[in-house]
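Student: If you want the building blocks of each chain, they are given just below.
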Amino acid sequence: MHNLTIKQMSEKLHAGEITSVQLTQHYLDRIAKYDGELNAYVTVTPELAMEMAKQADERLQNGTAELLTGIPVAHKDIFCTDGVKTSCSSKMLDNFIAPYDAHVVTQLKKVGMPILGKTNMDEFAMGSSSESSYYGPTRNPWDHQAVPGGSSGGAAAVIAAGLAPMATGTDTGGSIRQPAAFCGITGIKPTYGTVSRFGIVAYASSFDQAGPMTRSAEEAAWLLNAMAGFDERDSTSLQRDGADYAAELNQPLNGLKVGVPAEYFGEGLDPQVEKVVRDAIAEIQKQGAEIVEVSLPNKDLAVPSYYVLAPAEASSNLSRFDGVRFGHRCEKPKDLQDLYTRSRAEGFGAEVKRRIMVGAYALSAGFYDAYYLKAQKLRRMVRDDFTRAFEQCDVIMGPVAPTPAFNIGEKTDDPTSMYLADLYTIPVNLAGLPGLSVPAGFVNNRPVGLHIVGPYFSEAKLLNIAHQYQQATDWHKQMPAQYQ
Amino acid sequence: MSWEVVIGLEIHAQLTTNTKIFSGSSIAYGAQPNTQACSIDLGMPGMLPVLNEAVIGKSIRLALALNAEIGKKSVFERKNYFYPDLPKGYQTSQLQYPIVGKGTLEIEVDGVKKIIGVTRAHLEEDAGKSVHGILPGMSGIDLNRAGTPLLEIVSEPDMRSAKEAVAYARKMHELVQYLGICDGNMQEGSFRVDSNVSVRRPGAPLGTRTELKNINSFRFIEKAIEFEIARQIEVLESGGKIVQETRLYDADNDVTRSMRSKEEANDYRYFPCPDLLPVVITDEDIEAVRAQMPELPDAKRARYVAEFGLSDYDAGVLTGSRELAEYFEAVLAATGGKDAKVCANWIMSDLSGALNRAGLSISQSPISAQHLAGMIARIQDNTISGKLAKQVFDAMWSGEGSADDIIASKGLKQITDSGAIEALVEEVLANNPAQVEAYKAGQEKMLGYFVGQIMKASGGQANPGQVNQILKAKLGG
Chain A
1 MHNLTIKQMS
11 EKLHAGEITS
21 VQLTQHYLDR
31 IAKYDGELNA
41 YVTVTPELAM
51 EMAKQADERL
61 QNGTAELLTG
71 IPVAHKDIFC
81 TDGVKTSCSS
91 KMLDNFIAPY
101 DAHVVTQLKK
111 VGMPILGKTN
121 MDEFAMGSSS
131 ESSYYGPTRN
141 PWDHQAVPGG
151 SSGGAAAVIA
161 AGLAPMATGT
171 DTGGSIRQPA
181 AFCGITGIKP
191 TYGTVSRFGI
201 VAYASSFDQA
211 GPMTRSAEEA
221 AWLLNAMAGF
231 DERDSTSLQR
241 DGADYAAELN
251 QPLNGLKVGV
261 PAEYFGEGLD
271 PQVEKVVRDA
281 IAEIQKQGAE
291 IVEVSLPNKD
301 LAVPSYYVLA
311 PAEASSNLSR
321 FDGVRFGHRC
331 EKPKDLQDLY
341 TRSRAEGFGA
351 EVKRRIMVGA
361 YALSAGFYDA
371 YYLKAQKLRR
381 MVRDDFTRAF
391 EQCDVIMGPV
401 APTPAFNIGE
411 KTDDPTSMYL
421 ADLYTIPVNL
431 AGLPGLSVPA
441 GFVNNRPVGL
451 HIVGPYFSEA
461 KLLNIAHQYQ
471 QATDWHKQMP
481 AQYQ
Chain B
1 MSWEVVIGLE
11 IHAQLTTNTK
21 IFSGSSIAYG
31 AQPNTQACSI
41 DLGMPGMLPV
51 LNEAVIGKSI
61 RLALALNAEI
71 GKKSVFERKN
81 YFYPDLPKGY
91 QTSQLQYPIV
101 GKGTLEIEVD
111 GVKKIIGVTR
121 AHLEEDAGKS
131 VHGILPGMSG
141 IDLNRAGTPL
151 LEIVSEPDMR
161 SAKEAVAYAR
171 KMHELVQYLG
181 ICDGNMQEGS
191 FRVDSNVSVR
201 RPGAPLGTRT
211 ELKNINSFRF
221 IEKAIEFEIA
231 RQIEVLESGG
241 KIVQETRLYD
251 ADNDVTRSMR
261 SKEEANDYRY
271 FPCPDLLPVV
281 ITDEDIEAVR
291 AQMPELPDAK
301 RARYVAEFGL
311 SDYDAGVLTG
321 SRELAEYFEA
331 VLAATGGKDA
341 KVCANWIMSD
351 LSGALNRAGL
361 SISQSPISAQ
371 HLAGMIARIQ
381 DNTISGKLAK
391 QVFDAMWSGE
401 GSADDIIASK
411 GLKQITDSGA
421 IEALVEEVLA
431 NNPAQVEAYK
441 AGQEKMLGYF
451 VGQIMKASGG
461 QANPGQVNQI
471 LKAKLGG
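So the sequence lines, in the order shown, correspond to chains A and B. Quick note on numbering: this note's numbering labels position 30 of the first sequence as 30, and the sequence is numbered without any gaps. Quick note on numbering: this note's numbering labels position 412 of the second sequence as 412, and the sequence is numbered without any gaps.
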């Protein structure tokens with residue numbers, strides 16, 4: 001059943017050929033069989049899943065079912081889920097049972113998608129490899145020596161290995177697109193504000209954005225339709241009334257102007273990855289698109305800007321984890337200072353501590369102008385680069401990451417090299433633009449993704465381009481042999 | 001050589017909204033601990049603030065009343081520090097772009113008027129509070145107050161005496177209540193005054209200041225500042241130095257004591273809150289608020305003098321609170337607006353006296369404005385005398401109904417039939433021949449004795465004017 005497309009699953013569910021209970025049980029069985037080796041789930045929720053599957057079957061029978069009713073889903077463990085542990089893969093929240101649902105979880109519950117569990121991630125979404133999880137690293141289903149990317153590495157791995165048909169992720173600096181590329185699946189980070197942040201444990205609020213992680217672009221469009229929508233509980237939520245992210249699927253690519261920035265093909269890019277990406281762009285061109293050269297001259301400012309601003313916001317967002325009301329509390333605190341110091345020292349991992357310190361430093365008196373304000377200026381320059389580029393083209397294409405998935409442990413001692421894994425994705429978050437990763441081939445049996453970035457609100461267009469590409473290619477249909 | 005006192009005030013006015021500034025929790029005072037704190041107030045993971053827009057209009061009101069600049073684009077920032085009653089680890093406040101900018105407030109001390117500068121007023125959320133001494137060996141946290149909307153009004157260091165400081169605080173207290181933006185309840189902490197006090201030689205740069213916090217009455221604010229001025233002068237004159245610190249006032253001993261030193265300055269790492277959009281205020285928004293502005297105390301006082309012919313003193317008393325002024329205006333309107341002085345007297349003497357004795361505010365008065373006006377109307381049309389009116393007033397206070405009901409049920413209607421009064425006069429004069437002789441011999445004070453006797457004989461109901469007139473005619477004839 002896990003080899004069916006979502007469209008086929010939905011048709012069979014609606015026709016009564018299979019039930020959601022059967023489908024859900026099938027995935028639970030696969031999780032039981034394979035997740036020991038992959039470590040892609042932090043929490044599996046069989047009882048909740050089966051209960052929701054039964055309810056979905058009732059809807060399928062009484063005619064109130066929608067396209068995705070009965071299709072199971074896995075949520076990244078950053079989405080608060082009522083009654084279920086929501087850990088953000090941190091010891092700090094190892095004991096935290098959320099008493100409410102994130103907006104995204106509410107939306108997908110309304111559709112009737114049984115929740116299989118919560119997927120592993122970098123602690124508090126801070127990382128590019130899912131190795132900083134308190135629960136240990138997730139393995140890449142294509143190669144157990146390789147990382148699945150991060151921070152939504154668990155989500156990407158469960159889709160690649162067929163341990164969930166659909167998954168949710170979040171992307172602050174590339175955390176949907178980079179693991180999607182490393183695991184050979186499709187993922188889109190929508191325009192900032194498209195999906196409500198309510199109930200998503202905050203990392204860097206002005207960047208955080210949730211999105212779907214699926215096998216195909218068409219499926220991503222359907223899941224995004226269910227996830228998105230205005231939410232008055234998030235002040236940065238956008239009114240996009242009547243938006244249908246599947247509306248433009250099946251548009252031909254004739255006349256599409258694809259911008260290819262020279263800066264995205266410079267030093268540091270693995271030549272084999274470059275070849276895969278250039279081949280993918282050639283396929284798009286073959287379908288009628290026109291290639292134009294564009295420039296993003298301030299690309300190199302993006303990573304430094306991001307690694308000031310995101311930690312600055314994080315240092316404040318993570319202050320609430322103080323051992324007082326919820327989360328980890330140290331044993332027998334001597335006094336208030338001891339309670340704070342030890343609870344946080346014990347509850348947070350190394351990368352989280354590093355970013356809190358960097359962020360607090362950037363905001364501190366005497367350094368604010370030189371770091372925080374300067375980084376805000378760079379952010380505007382990066383955004384202006386895109387604005388100018390989109391005067392010449394409809395979308396921009398390039399690599400998602402400079403290399404295929406690297407080995408587990410390869411970069412854990414070198415944070416700067418880990419940060420550079422996101423050099424192509426971060427500029428998109430700085431600008432708040434939509435960006436998509438689509439499977440485009442392999443290098444040494446490790447998947448490579450094509451990055452498609454568009455102007456604000458161009459999700460439907462990006463998804464159609466990826467869909468057209470997937471009509472002509474089968475990279476997104478491939479699965480690691482042992483999980484087929 | 002003399003010392004010059006320099007005082008600036010920071011006033012936290014709690015805004016009269018139904019719910020918190022960033023959540024839907026109630027801000028009603030006095031609830032059981034933590035029963036008015038939702039997931040947002042608790043700073044739970046993934047929770048986000050949404051601005052309660054009611055605070056914007058209230059801030060604009062204050063700005064208009066202070067002739068202040070209005071922040072067309074004000075920005076919420078995070079003030080980061082750790083404290084158990086601060087659930088998120090930061091307080092959402094405004095720093096660089098406050099909603100209210102520079103303005104002024106005029107005060108008067110001993111007949112001298114002075115303009116005090118207002119630096120700014122910014123919106124922020126209140127913290128919760130720590131509760132000590134209830135749980136053995138532990139401190140409790142009550143987050144009911146966390147997220148309560150505050151407007152922090154910061155003055156220039158323009159005040160030169162404790163009296164000026166208190167005059168400013170009282171004026172601001174009156175103003176925010178008139179504006180309907182704060183209930184002014186100092187006991188419940190709805191209006192909190194922090195005083196920054198320093199002294200210097202005239203012409204010298206500003207001295208080191210101390211901050212006096214948590215004083216919940218104007219009287220104590222004045223005493224605390226007086227003490228602090230004397231203390232600072234004494235320290236300086238004996239060669240010492242003032243330490244910048246927060247001091248608390250001990251009312252029992254009338255002294256201030258050091259609470260915490262500010263020498264190691266906190267670094268709050270302010271930065272714009274990414275969860276909240278800037279508050280944009282348009283000219284239309286401002287005009288809409290302006291159209292709804294109530295009459296302000298100074299304008300009202302001037303109108304009472306010019307329009308109603310009241311004295312400055314009476315106008316000042318009646319405009320002491322918006323509720324009292326509204327009560328007065330309701331009584332005056334219901335009596336046809338003819339005799340403001342009579343209405344004022346009843347409110348300022350009998351009613352205020354009774355309310356004070358009972359410990360009630362004007363809005364809790366057992367006698368409604370309509371009932372008081374009904375009684376005054378019966379005096380004006382001679383149905384009852386001023387003396388009978390006191391009885392009617394007491395009965396109304398006890399809840400016996402309107403003046404007309406009470407006059408009817410108690411038979412308090414005034415006797416105005418001159419035949420009946422004449423009969424009473426003749427009876428009293430006939431019963432007191434010796435006193436009549438004395439009067440005729442020149443003891444005019446006997447007149448009062450006769451009036452008293454006649455009124456007594458009438459059971460207090462004879463019209464006093466007619467009694468006097470008929471009595472004088474009889475005695476003269």
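Careful, some of the hints might be misleading.
[Claimed, not checked] Computed footprint of chain B on chain A, listed as stretches where at least three residues anywhere in the stretch have a Cβ under 8 Å from a Cβ of chain B:
{"hint": "1", "region": "88-98"}
{"hint": "2", "region": "202-209"}
{"hint": "3", "region": "231-241"}
{"hint": "4", "region": "390-404"}
[Claimed, not checked] Simulated DEER-style distance windows between Cβ atoms:
{"hint": "5", "chain 1": "B", "residue 1": "Glu237", "chain 2": "A", "residue 2": "Lys332", "range": "32 to 40 Å"}
{"hint": "6", "chain 1": "A", "residue 1": "Ile97", "chain 2": "B", "residue 2": "Val235", "range": "52 to 60 Å"}
{"hint": "7", "chain 1": "B", "residue 1": "Asn214", "chain 2": "A", "residue 2": "Arg354", "range": "36 to 44 Å"}
{"hint": "8", "chain 1": "A", "residue 1": "Ile97", "chain 2": "B", "residue 2": "Asp298", "range": "56 to 64 Å"}
{"hint": "9", "chain 1": "A", "residue 1": "Phe230", "chain 2": "B", "residue 2": "Asn18", "range": "53 to 61 Å"}
{"hint": "10", "chain 1": "A", "residue 1": "Arg354", "chain 2": "B", "residue 2": "Thr282", "range": "39 to 47 Å"}
{"hint": "11", "chain 1": "A", "residue 1": "Phe265", "chain 2": "B", "residue 2": "Glu53", "range": "29 to 37 Å"}
Worth flagging that the hints you see were computed from the coordinates, not collected in a lab. Computed from a prediction, not measured in an experiment: that's the story for all the values here. Where a beta carbon is used, it is the ideal one built from N, C-alpha and C, also for glycine.
Student: Which earlier hints turn out false for this structure, listed by number in ascending order?
Tutor: When the structure is compared with the hints, numbers 4, 5, 9, 11 turn out to be violated.
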